[in-house]
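Engineer: Here's the letter readout for the chains.
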Amino acid sequence: MRGRGTVSESTTMSPTADVCVVSAVRKRYERHGPWVLDGLDLRVPARSAAVVTGANGSGKSTLLRIVAGLTRPTSGRVHTRARPLAYAPERLPTRLRMSARVYVAHMARLRGLDPDAGRARANELFERLALTPGPDVAVGTLSKGNSQKVAVAQAFLAPVDLVVLDEPFSGLDHDARDQLWQLVDERVEQGAAVLLTSHVLPDTTAHDVYVLRDGRLAIEARAPAADVTTTRVVVRAASSAASSDALRSLPGVTTSEHLAATDELALTVRRGRVDDVLVAAVRGGWSVVAVTPLDVRPSPPTRDEP
Amino acid sequence: MSSALVRYLASDVARSQRWIAPAVLFVAAVAILNADAGPLLTTYADTATCLLPVAIWLTVVVANSEDPTQAAITSVTVGGTTRLRIGKLLVAFLADAGLALVAVLVPVILQTSSGGTTVGDVAAGAVAHLLVAATGVAVGAWLARPLVGRAGWVFVIGVLVVLAQTVVPHAPPTRQVLVLFDQDHPAHLAASSALIGIETIALVLVLTVGALALARARS
Numbered sequence: 001m002r003g004r005g006t007v008s009e010s011t012t013m014s015p016t017a018d019v020c021v022v023s024a025v026r027k028r029y030e031r032h033g034p035w036v037l038d039g040l041d042l043r044v045p046a047r048s049a050a051v052v053t054g055a056n057g058s059g060k061s062t063l064l065r066i067v068a069g070l071t072r073p074t075s076g077r078v079h080t081r082a083r084p085l086a087y088a089p090e091r092l093p094t095r096l097r098m099s100a101r102v103y104v105a106h107m108a109r110l111r112g113l114d115p116d117a118g119r120a121r122a123n124e125l126f127e128r129l130a131l132t133p134g135p136d137v138a139v140g141t142l143s144k145g146n147s148q149k150v151a152v153a154q155a156f157l158a159p160v161d162l163v164v165l166d167e168p169f170s171g172l173d174h175d176a177r178d179q180l181w182q183l184v185d186e187r188v189e190q191g192a193a194v195l196l197t198s199h200v201l202p203d204t205t206a207h208d209v210y211v212l213r214d215g216r217l218a219i220e221a222r223a224p225a226a227d228v229t230t231t232r233v234v235v236r237a238a239s240s241a242a243s244s245d246a247l248r249s250l251p252g253v254t255t256s257e258h259l260a261a262t263d264e265l266a267l268t269v270r271r272g273r274v275d276d277v278l279v280a281a282v283r284g285g286w287s288v289v290a291v292t293p294l295d296v297r298p299s300p301p302t303r304d305e306p
Numbered sequence: 001m002s003s004a005l006v007r008y009l010a011s012d013v014a015r016s017q018r019w020i021a022p023a024v025l026f027v028a029a030v031a032i033l034n035a036d037a038g039p040l041l042t043t044y045a046d047t048a049t050c051l052l053p054v055a056i057w058l059t060v061v062v063a064n065s066e067d068p069t070q071a072a073i074t075s076v077t078v079g080g081t082t083r084l085r086i087g088k089l090l091v092a093f094l095a096d097a098g099l100a101l102v103a104v105l106v107p108v109i110l111q112t113s114s115g116g117t118t119v120g121d122v123a124a125g126a127v128a129h130l131l132v133a134a135t136g137v138a139v140g141a142w143l144a145r146p147l148v149g150r151a152g153w154v155f156v157i158g159v160l161v162v163l164a165q166t167v168v169p170h171a172p173p174t175r176q177v178l179v180l181f182d183q184d185h186p187a188h189l190a191a192s193s194a195l196i197g198i199e200t201i202a203l204v205l206v207l208t209v210g211a212l213a214l215a216r217a218r219s
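These protein sequence lines map, in sequence, to chains A and B. Position 5 (the first sequence) corresponds to 5 in our numbering; numbering is contiguous. Position 85 (the second sequence) corresponds to 85 in our numbering; numbering is contiguous.
Hints were generated in silico from the structure; no laboratory data involved. All residues carry an ideal CB built from backbone N, CA and C; glycine is no exception. Check the hints yourself; a few may be wrong.
To be verified - Selected chain B positions facing chain A (in silico; Cβ < 7 Å):
(1) 15
(2) 19
(3) 72
(4) 113
(5) 188
(6) 212
(7) 215
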């Protein structure tokens with residue numbers, strides 16, 4: 001008997017709830033075949049992102065398909081409090097004959113966006129991800145990385161409760177990776193949960209990282225505690241190449257302020273992104289003046305009153 | 001079912017060109033059957049029978065047009081695989097209804113039939129074509145992925161179903177339409193058509209719900 005596992009949905013959702021709970025899920029594709037997932041548990045809370053790593057064939061895609069409701073578990077429970085959700089597969093088919101623009105516009109209309117809003121959002125995403133040669137080429141003829149950008153773009157059209165991304169970084173260049181992390185951060189800040197896979201350890205410490213091995217998940221790294229996780233970074237231009245816009249658009253930078261008195265730039269950076277921002281700043285021609293954790297506020301400077 | 005889904009699926013199928021062969025074959029069959037036509041109802045019986053394999057073929061084309069990965073995205077976007085499958089069956093039925101319109105209107109506009117043309121005959125012909133089209137969609141739902149899927153089996157099972165529909169006594173709707181429309185001025189044309197309609201709708205519902213349920217369990 002197939003499909004004994006249960007998948008339940010519910011529409012009510014409190015802001016701190018787990019968007020997705022996977023309990024004791026087992027999955028095999030043939031009756032006496034090997035277990036791909038073997039008693040897997042996972043909770044993805046709202047306002048968080050979880051990264052699942054693991055070797056090729058370790059079952060990452062199967063886990064994501066089960067969470068997205070595309071495959072039924074052989075046994076165990078999947079409770080998804082997210083409707084609607086978004087899903088990007090590992091690779092778009094080369095058979096897709098529509099242009100990226102037409103395809104993504106259809107997906108936007110299916111999500112209920114009005115045509116103008118859908119077009120505007122699609123253009124923004126194509127621009128941010130630097131789709132090359134452009135959105136008017138058939139998706140099936142794009143290079144792997146650019147096809148990946150289309151898969152990512154359709155998953156970020158409209159706000160959803162849960163974003164499920166299968167190997168979204170594969171084939172993406174450095175800039176597109178940064179943009180994708182920023183898109184993930186934006187969704188997390190809007191209260192969504194993001195679940196993504198990567199066959200290499202991600203170059204970030206901002207999110208929970210799990211390893212899928214022998215059909216089960218093990219926690220590899222825990223994201224820093226929520227809420228008070230920002231750091232103030234003050235930098236000063238050390239070369240004429242230093243661009244404040246480039247710094248402001250880095251993933252994890254939440255606010256920026258130009259300090260006119262000292263001609264320095266003060267950034268608020270999410271914890272876990274500080275190393276990335278510092279490296280990018282130094283490479284970009286800036287000199288680091290100060291790094292201050294904001295959850296342990298320094299006492300205000302005392303001033304001699306006349 | 002949302003019109004956005006119908007538009008997306010239709011535009012995907014249109015680009016694939018896989019609809020062209022069955023559609024052209026059907027229009028050619030309508031032309032041949034009207035070239036030296038007898039009474040209107042006899043022509044309708046023949047074109048409706050030709051519509052059955054074409055409707056099955058078109059349904060498989062529409063249902064399998066999306067690559068499985070592409071279909072995965074669409075399923076999640078519309079909120080479920082079953083919803084997407086229903087959308088595909090609807091698009092296939094709309095395409096078949098277009099072909100049915102051609103088959104019903106050609107003998108009326110070109111006045112190809114040997115006898116007269118009455119409103120009752122045309123209405124009965126239209127109903128018969130739509131019932132056969134719906135049956136083709138329901139059979140196609142079983143032949144498409146993920147249930148049968150492989151081209152060789154689809155062909156063999158499709159031929160057997162068409163054969164059974166045309167020769168098995170009282171098989172709704174094709175055999176019954178062939179028998180009813182073969183009579184010279186059948187008595188109770190409307191009542192008999194309604195009866196065929198009820199039997200066919202029951203058959204189509206059972207087949208379609210069964211195919212959707214099994215496809216869901218197979219995912």
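Engineer: Taking the numbered hints from earlier one at a time, note which ones the structure violates and give those numbers from smallest to largest.
Structural biologist: 2, 4, 5, 6, 7
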